[in-house]
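> Work out the full structure, taking the sequences as your base and the hints as a guide.
The numbering of the sequence shown is this note's numbering, which starts it at 301 and goes up by one.
Treat the hints loosely; a few may be bogus.
Distance windows between CB atoms, simulated [what the hints assert, rightly or not]:
no., residue 1, residue 2, range
1, Glu651, Ala351, 47 to 53 Å
2, Gln400, Asp641, 45 to 51 Å
3, Arg648, Lys619, 41 to 47 Å
Honestly, the hints are just simulated from the structure, not real lab data. These figures come from a predicted structure and were not determined experimentally. Cβ atoms here follow ideal geometry from the backbone N, Cα and C, with glycine treated the same way.
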Amino acid sequence: MMPGAWQTPASDSEVAKDISGLIDTPQMRALIAEALSANPDLTATAYRLKAAGLLLSVTSSARLPELTVGGSGARTNSSGRQTASFSVRSDVSWEVDLWQRLADLNDADALDVKAKSGDYMLARNALAARVVRAWIELAANSRAVAIERRRIKALVDTEEIILERYNMGIGNLTDLDAARTKSEAAREVLAGRELDLTKARRVLELLLGRYPSGTIAGDVELPSVAHPLVGIPSEVLADRIDIQAAWDRVRKSDLDVAAANKAMLPSFKITADISNTSKTIHDLTTGQAIWNLVGALTQPVFMGGRLKDTAAAKSEESKAAWEDYRKVVLEAMQEVENGLDTERGLARRREHLEKSLSHATQSRINYEQRYREGLSDIIDLLTAKETELNTEIQLLQVRALQLGNRAQLALASGLNANLNTAKLTTEK
Numbered sequence: 301m302m303p304g305a306w307q308t309p310a311s312d313s314e315v316a317k318d319i320s321g322l323i324d325t326p327q328m329r330a331l332i333a334e335a336l337s338a339n340p341d342l343t344a345t346a347y348r349l350k351a352a353g354l355l356l357s358v359t360s361s362a363r364l365p366e367l368t369v370g371g372s373g374a375r376t377n378s379s380g381r382q383t384a385s386f387s388v389r390s391d392v393s394w395e396v397d398l399w400q401r402l403a404d405l406n407d408a409d410a411l412d413v414k415a416k417s418g419d420y421m422l423a424r425n426a427l428a429a430r431v432v433r434a435w436i437e438l439a440a441n442s443r444a445v446a447i448e449r450r451r452i453k454a455l456v457d458t459e460e461i462i463l464e465r466y467n468m469g470i471g472n473l474t475d476l477d478a479a480r481t482k483s484e485a486a487r488e489v490l491a492g493r494e495l496d497l498t499k500a501r502r503v504l505e506l507l508l509g510r511y512p513s514g515t516i517a518g519d520v521e522l523p524s525v526a527h528p529l530v531g532i533p534s535e536v537l538a539d540r541i542d543i544q545a546a547w548d549r550v551r552k553s554d555l556d557v558a559a560a561n562k563a564m565l566p567s568f569k570i571t572a573d574i575s576n577t578s579k580t581i582h583d584l585t586t587g588q589a590i591w592n593l594v595g596a597l598t599q600p601v602f603m604g605g606r607l608k609d610t611a612a613a614k615s616e617e618s619k620a621a622w623e624d625y626r627k628v629v630l631e632a633m634q635e636v637e638n639g640l641d642t643e644r645g646l647a648r649r650r651e652h653l654e655k656s657l658s659h660a661t662q663s664r665i666n667y668e669q670r671y672r673e674g675l676s677d678i679i680d681l682l683t684a685k686e687t688e689l690n691t692e693i694q695l696l697q698v699r700a701l702q703l704g705n706r707a708q709l710a711l712a713s714g715l716n717a718n719l720n721t722a723k724l725t726t727e728k
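Encoded structure:
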């Protein structure tokens, strides 16, 4: 039974009504538009959908009469006497759709194309959400690199303080070794962060259909990401494109079952042909033609159980389509529930980390003062600085997770990319 509300209430903050509005800047909209027009995976999906729309004519044409026209000409030589003959023939055949079997097959194929169109639109929306998350990840990695550089600068400054104290006869060079050990370790971490940043750039470039050079510029601060608009469960059920596509496949499977059962009923086919033979091409249009009209009613009697087994197989496939639909609905609800829970959980983690960072910063300030006054050793000071910067990194990671989760929640809620890009035409 579909609940009337989510287990975790949605945010009542300012909300975005589409995926491109999560980061409502011209730059983000331009990036999403570029991805939707140049991403190779999405473009390939579009071509396949167009092919499916074109192939729809194969089943729709089965309901129309078939007309073929042919002609031939010959010249013979018998005992020195040459004779010529020409003939033309036209054949028409039409299966009368007594039981709407052909109509069912055509409607089933149309629903299949509609479902594939839904798959394409879902792929567009998913790509837009991935671009948003990639942009957030790029900003998070840029910020992490900046924090690590600050860490190294702080350690270098500490080395200078140690040298000053040593020159004043305070402290010893053992403290300097400890600081330099921390500095080299920090430089190793920075190298890893810079590699992660380059990889994040390549991820975004690939989504945009660009060469993955790792040079695309991004924000050095995490962007502001709005909360997605999350409707009640019944609204999400109506908005999710994958749910609509799954329902279209259920309807298609039901029509396939009906058509398979109707294939065991009698069929009525009308055939006609008209022909003419003449010694000259001109006489083909003036001579007397021969025509023939036949109506045939046929009933399958023995086909080794093929028709019956086909109908039974289609029935089982229909049951599977219903279960697939149920699975899509349940997974959609799970994605929204998880997204709402994650938003609330990460908000709590962020609050605690912000308080922790405030305490760590104050602790570092206190230890710096105590070290200058000779009341604390270098290990305590380095530990305090390490704790502050590590907490800042943790806070950055949680903020990035929270913002990325909003993009995923927007997709789970059925929000669209909503850019003015041309939609695919699959109808003939």
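> Taking the hints in turn, state whether each one holds.
Against the structure, the hints come out as follows:
no. : hint                          : in the structure
1   : Glu651 <-> Ala351: 47 to 53 Å : holds, 52 Å
2   : Gln400 <-> Asp641: 45 to 51 Å : holds, 49 Å
3   : Arg648 <-> Lys619: 41 to 47 Å : holds, 44 Å
This entry satisfies every hint, going by the numbered hints stated previously.
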